[in-house]
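Produce the complete structure using the sequences and hints provided.
Chains C and H supply the protein sequences, listed in that same order. Using my numbering, read the first sequence as starting at 4 and increasing by one per residue. Using my numbering, read the second sequence as starting at 4 and increasing by one per residue.
In case anyone wonders, no lab produced these hints; they're calculated from the structure. Heads up, a few of these hints could be off.
Same chains, same label: a pair holds when it works inside one copy or across any pair of copies.
[Stated by the list, open to error] Using 30 Å as the maximum straight-line C-alpha spacing, the simulated DSSO-like pairs for lysine-lysine come out as follows: (1) LYS301 <-> LYS238; (2) LYS133 <-> LYS296; (3) LYS238 <-> LYS316; (4) LYS200 <-> LYS292; (5) LYS292 <-> LYS224; (6) LYS292 <-> LYS213; (7) LYS213 <-> LYS224; (8) LYS133 <-> LYS231; (9) LYS133 <-> LYS200; (10) LYS231 <-> LYS26; (11) LYS200 <-> LYS231; (12) LYS316 <-> LYS213; (13) LYS296 <-> LYS200; (14) LYS238 <-> LYS30; (15) LYS200 <-> LYS224.
Please read these numbers as outputs of a predicted model, since none were measured by experiment.
Protein chains: 2
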Amino acid sequence: MLQAGFDIGGTNIAAGIVDEDAKLVLKRSIPFPAGEPYQVAVEALAQLLTEMTEELFVPVSSLASIGIAVPGSIDQASERVVHAYNLQFHDVPLRSALMGYFPSVPVFLANDANAAALAELYAGAFVGCKTAVLITLGTGIGGGLILGGRMFNGGLGNGVELGHMVLEHGGPLCTCGTRGCIEALCTATWLVQQGRKSLIEYPHAMIATKAGQVLSNVNAKLVIDCAKAGDAIAKDIFDRYVDQLGSALTSCFNLLDPEVIALGGGVSLAGEFLFSPLRENVKQKCFFKNCGKIVQAKLGNDAGIIGAAMLAKN
Amino acid sequence: MLQAGFDIGGTNIAAGIVDEDAKLVLKRSIPFPAGEPYQVAVEALAQLLTEMTEELFVPVSSLASIGIAVPGSIDQASERVVHAYNLQFHDVPLRSALMGYFPSVPVFLANDANAAALAELYAGAFVGCKTAVLITLGTGIGGGLILGGRMFNGGLGNGVELGHMVLEHGGPLCTCGTRGCIEALCTATWLVQQGRKSLIEYPHAMIATKAGQVLSNVNAKLVIDCAKAGDAIAKDIFDRYVDQLGSALTSCFNLLDPEVIALGGGVSLAGEFLFSPLRENVKQKCFFKNCGKIVQAKLGNDAGIIGAAMLAKN
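Structure below.
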């Protein structure tokens, strides 16, 4: 049986059809109809799915299930999107809206970070795990938990907001209004902020030179590349980043003692330049001598669609 | 059927016999034989249990199970105490040692904070919960998790070290060697340290006066009592404590979204003077508008023995 998964983002809607082993057999992407009523997005989903199934010579009704991952909070019954700020979806009955097009196929709804963790469980870094943590290091922090070998959506069904665990009590203000959240200290955004600050403080250092002294040219990759090239200013920023992220991972290890913590998102693409000092940092801080592994997430941008497609199995 | 539970502490061994509803029917306490080989403690346990069952006119062999809670780490097979520093137990085969006395009764072993969380699940603040967090605020921080309606001992079986989640990255040094752990900022010990510091800075304030300017007279209760009495110095210490603890609880709510967080230990006896501002603090910081409840743990000092007695049912 085939299953379909959508990963709705503020820029694009990604869609995939997977087989029983969570392997992608077909993948497509269309622009997200930003600024339109949600019904426009739902119609686009329905049309895209119809086209994809036609390409595979099967009717939509033959699909075992359809899953949708959204960057936001889902109600406890998994019927409605409570808030997905990037999509401007607020209290949207996404599940029933899509079922209106395909009444015979079960539709499932989940937060995108939860779906990504589920994808890693079925086909990525968490295969065979009972307890695992996924952290995506992007503009914000995404977090998904596997507990008891299943995707965890919070004890009360509110979801998992790992990025809003407090990492530095009294620290810098987070977008959520609280001080010192992981999201305020471990994102690509933090690297960009520090890189831009360095343009003012160190206008002749490598970051400033490579960015042509233009603030908007500074991105996380530039800071990391300069650190890799051995620039002291960039290296100092990156070392502080590793130390902060190391403390965040230490909190997760000491509370849940997971078998694996996987890191995804743009910053994780720094590879061993990140992972090697990070493992050393956590080893110094973690209470358990034999804590779990720290690895790169395996499924990258496909995690959302694969996880969405696997929601029926959770 | 009756079940027996032991809670071994560095000062006393508490023992209890409970019925099927986790109700204590008999309770005893003897001194812990500190400085002796572990076999001396095991013999004391065996003798105490024999006496208690005699008092109830039943043979030990009629017990459904015996549970032992220790303040330390347990191996993954729940056979041995890996480290219990207060007991000077290191790699002690506690389970088999006690089974040597009562071969027909199953013996179970657990960390004391885990056992306390289990007791709250069967007979206290967590009855009916699927996801719950117990935090004991004493000299150190104890932490126990209920996940999926069961006691959780860590994904790898290392246990739960909630007190060593990082709350203030780069903050004060913790006993574990890492900086800014919850245990460095939310214990009775922290209140005592701040109270003692105030003797130097504010020698004429209420804490100093009530302590007769003697450092060793300052304990957590004195600081809390002075704060309750309206002393500004003590109130400032207590407010900072609430703010730190509020951040710790926020981390737990945002990661696990538990139905309940229960606080036990000495500091929790401050009652509403603690709970009322703490709930307000968490409400300000928590990502979820409808996060779970914050309550006082119900079973107090009996939690360890009741939880130990219920281990067979987990």
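Structure-based check of all given hints:
Taking identical chains as interchangeable, the C-alpha atoms of LYS301 and LYS238 lie at most 30 Å apart only when both belong to the same chain, with a minimum of 27 Å there against 51 Å between chains. For a Cα distance limit of 30 Å, the shortest separation of LYS133 from LYS296 qualifies both inside one copy, at 14 Å, and across copies, at 27 Å. With identical chains, the CA atoms of LYS238 and LYS316 are never at most 30 Å apart, being 44 Å at best within one copy and 53 Å at best between copies. Proximity of LYS200 and LYS292 under a CA criterion of 30 Å is satisfied in neither setting, with 37 Å inside one chain copy and 34 Å between copies.
In this assembly of identical chains, LYS292 and LYS224 lie within 30 Å of each other by CA distance neither inside one copy nor across copies; the values are 33 Å within and 35 Å between. Taking the shortest alpha-carbon separations for LYS292 and LYS213, neither the intra-copy value of 41 Å nor the inter-copy value of 44 Å comes in at or below 30 Å. In this assembly of identical chains, LYS213 and LYS224 lie within 30 Å of each other by CA distance solely inside one copy; the values are 12 Å within and 58 Å between copies. Proximity of LYS133 to LYS231 under the C-alpha cut-off of 30 Å is found in neither arrangement, the shortest distances being 35 Å within a copy and 46 Å between copies.
In this assembly of identical chains, the alpha carbons of LYS133 and LYS200 never lie at most 30 Å apart, being 42 Å within a copy and 46 Å across copies at closest. For the homomeric pair LYS231 and LYS26, neither the shortest alpha-carbon distance inside one copy (35 Å) nor that between copies (62 Å) is at most 30 Å. In this homomeric assembly, LYS200 and LYS231 come within 30 Å of each other (Cα to Cα) only inside a single copy, at 19 Å, whereas the closest approach across copies is 45 Å. Taking identical chains as interchangeable, the C-alpha atoms of LYS316 and LYS213 are never at most 30 Å apart, the minima being 48 Å within one chain and 63 Å between chains.
For the homomeric pair LYS296 and LYS200, neither the shortest alpha-carbon distance inside one copy (34 Å) nor that between copies (41 Å) is at most 30 Å. In the homo-oligomer, the alpha carbons of LYS238 and LYS30 never lie at most 30 Å apart, since the shortest distance is 38 Å inside one protomer and 60 Å across protomers. In the homo-oligomer, the alpha carbons of LYS200 and LYS224 lie at most 30 Å apart inside one protomer (16 Å), although the nearest pairing across protomers, at 46 Å, exceeds that limit.
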